[in-house]
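Since the structure of chain A is already known, use the hints to place chain B on it.
Heads up: the protein sequence lines correspond to chains A and B, in order. At position 226 of the first sequence (counting the first as 1) the number is 226 in our numbering, and the numbers step up by one without a gap. Add 1000 to the 1-based position in the second sequence for our numbering, that's all there is to it.
No wet-lab data here; the hints were simulated from the structure. Glycine included, every Cβ here is placed at the ideal spot set by N, Cα and C. Some hints could be false.
According to the in silico footprint, chain A covers these stretches of chain B (three or more CB under 8 Å from chain A) [claimed, not checked]:
| # | segment |
| --- | --- |
| 1 | 1159-1168 |
| 2 | 1225-1238 |
Take a look, some chain B residues computed to stay more than 12 Å from chain A by CB distance [as the list claims (entries may be wrong)]:
| # | residue |
| --- | --- |
| 3 | Phe1035 |
| 4 | Gly1044 |
| 5 | Glu1045 |
| 6 | Leu1058 |
| 7 | Arg1206 |
One-sided and incomplete, this derived list gives chain A residues near chain B with beta-carbon spacing under 10 Å [said to hold, decoys possible]:
| # | residue |
| --- | --- |
| 8 | Ile40 |
| 9 | Leu92 |
| 10 | Leu93 |
| 11 | Phe108 |
| 12 | Ile121 |
| 13 | Ile141 |
| 14 | Trp217 |
| 15 | Gly295 |
| 16 | Asn306 |
| 17 | Leu311 |
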Amino acid sequence: MTTAAASRSLPSAVVSARTRRGWGDRLFRGLTRGAALSLILLVVAMIIGMAGAAMPSFRAFGWRFLYTSTWDPVAETFGALPFVYGTLVSSLLALVIAVPLGLGAAIFLAELAPVWIRPPITFLVELVAAVPSVVFGLWGIFVLAPWIRNWVQPALGASLGFLPLFQGPPYGVGMLAAGIILAIMIVPFITAVSREVLLAVPNTQREAALGLGATRWETTRIAVLRYGKSGLIGAVLLGLGRALGETMAVTMVIGNRPEVAISLFAPGYTMASVIANEFTEATSDLYLGALIEIGLLLFAVTVIVNALARLLVWSVGGAVKQVRE
Amino acid sequence: MSALTAGSALAVVLPLILLFGFLLHQGASAVNVDFFTRLPKPVGEAGGGMANAIVGSLILIALAAALGLPLGILGGVYLTESRDPRLPWLIRFVADVLNGVPSIVIGIFAYTVIVLPMRRFSALAGGVALAVIMLPIVLRTTEEMMRLVPASLREAALALGLPEWKVILRVVLPTARAGIITGVMVAIARVAGETAPLLFTAFGNRFWHQRLDQPIAALPLQIFAYAIAPFDDWHRQAWAGALVLIALVFLVSLAARIATRGRYSAVR
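Pulled out of the complex, with its shape left as it was, chain A reads as follows (with noise of 0.2 Å):
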């Protein structure tokens, strides 16, 4: 039983005693709601901050910043379409290749694999996603790029080459590296909620298919998958969250190139490594407030997706078990 809950329930006597609070009361009391209301300040200063510096490039630029290309920080002309170009595709190619190996490894985790295996695999999950997103860029760069050129490059390009996707050089360096450890970054996310999702759903849904005469994998299809529907669109999300913000580890293999290619043979920038890379080197105001308009639109974006994605988890756990990263 939570505390909460026997709270509610003290008889009303004790109740009324406790509604004249002494000072000490009313001092704790306080400090708390502070602490937790200047989580919301926080908030509310981040908006209004990047807002404020952002307004040169605002002002100068308009909508036309999101869907004009040219980025000269010479002629100070800004549009950020490669950017966001580049972020949608990274993060759409690691939901590609994450999804599908997350919802399954999920699905071992929590239903198929035998118990005492659980833990461990549960816990080496979890390690992955504590990985800094540094040493992922250090092993991009020296291990996952080379063996994207001299492997995986080459042999997409002999079976799909027909297709724009998989054409030009292969420089190793470039999209399908960012896609690629971008994937490996957030499946321990979507494996880890989606677990956890399938944890919270009731038992009787199971015990009620396996009556039926279902067998172990049509229960989970039909009663356990079915039945956290949302709260598993909300797992991917939150992992799509992750991708769209991710910062070194991209930056480091993805190429650094301003420009919409339609290859993900090819290099490419996104918001999060823009800023990473040219923050320091913003010289003037506009150029600066180019950036951090950037950083706050990938601001509003991830919180849109991050409440989405909660607001869907929490359909399914409740909101007061915290869903573990």
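Same frame as chain A, but now just chain B:
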């Protein structure tokens, strides 16, 4: 179908094994006494270490903890104790959403509120950025851990006539202490590896730091700088730095895991 899901579980953890293997293979030889005690050498000279970056990271983490922990723990207390019908829901929601905001955006925030007014990069700005990242994690873990304290314990203390604040400080928080410390360690492990929010706040420094209003080195920043530089010796040092960083993060995660064993299974 079972085999397919087992295969995906394997695919999820495989990169970790590959990564760790390569780190050990490439980095172990460069982890020596010099690495922990020497400053970086100028370009072209072999040897040197990352002592300043290790100390810098510790200072940044201490700053972040000093700013973020009190707020996070008190906020967590509010979430469990409040009988307000709406505000805790909102705080919980904002905390979880803030937890998903990219760390580089948090860096921009610290830049606009600290670096711009002070007109210089500083350890302080880096510490504030890391504190903002820690806050939602500590807040939510504190709440979760306090909820695990049996209601009977609290009722017993209230029945003795203790005021509510004393019950929380003397009975509830000490009972939940191990869990809260675990949450704090998880938050520290997370910010210890953060690079993006430090790029334009702490900025990095090739020497020992002087003051909190000056740029300061950090281990992840140094790894990044060395990884993208064109020198083999620096690459070796980057591997070594990554090995030290990941060992630190894993140890903390493992300790947290052991400390909370049994606690989670009790609520699920």
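Note to self: Next item in the hint list is Phe108 (chain A). Is there a CB on chain B closer than 10 Å to its CB?
What the structure shows: Result: holds, 4 Å to nearest chain B Cβ.
Margin query: Min Cβ distance, Ile141 (chain A) to chain B: is it shorter than 10 Å?
Written below: Nearest chain B Cβ about 6 Å off; hint holds.
Checklist line | Phe1035 (chain B) non-interfacial with respect to chain A [C-beta, more than 12 Å] | finding: For Phe1035 (chain B), whose nearest Cβ neighbour in chain A is about 16 Å away, the distance exceeds 12 Å, so it holds.
Check: Close enough to count: is the Cβ of Leu93 (chain A) nearer than 10 Å to one in chain B?
Finding: violated, 16 Å
Checklist line | Status of Arg1206 (chain B), Cβ more than 12 Å from any chain A Cβ | finding: holds, 15 Å
Notebook entry, point to check: Does Glu1045 (chain B) sit more than 12 Å from chain A, CB to CB?
Noted result: Holds, since 22 Å exceeds 12 Å.
Note to self: Given a cut of 10 Å on the nearest C-beta pair, is the interface hint for Gly295 (chain A) held or broken against chain B?
What the structure shows: With a closest approach of 4 Å, the Gly295 (chain A) hint holds.
Notebook entry, point to check: Can the hint on Trp217 (chain A) be confirmed by a CB-to-CB distance to chain B that is less than 10 Å?
Noted result: Interface hint status for Trp217 (chain A): holds (5 Å vs cutoff 10 Å).
Checklist line | Hint check: 10 Å Cβ-Cβ cutoff, Asn306 (chain A) to chain B | finding: This hint holds: Asn306 (chain A) lies near chain B, its Cβ roughly 4 Å from the closest one there, short of 10 Å.
Next item on the list: Verify the interface restraint on Leu311 (chain A): the C-beta must sit less than 10 Å from at least one C-beta of chain B.
Entry: Hint on Leu311 (chain A): holds, closest Cβ of chain B at ~8 Å, below 10 Å.
Next item on the list: Identify whether the interface hint at Ile40 (chain A) stands, where standing means a beta carbon of chain B within less than 10 Å of its own.
Entry: With a minimum Cβ separation of about 6 Å from chain B (threshold 10 Å), the hint on Ile40 (chain A) holds.
Notebook entry, point to check: Quick one, is the Ile121 (chain A) hint okay against chain B at 10 Å, beta carbons?
Noted result: This hint holds: Ile121 (chain A) lies near chain B, its Cβ roughly 6 Å from the closest one there, short of 10 Å.
Violated hints for the displayed structure, listed by number in ascending order: 9 and 10.
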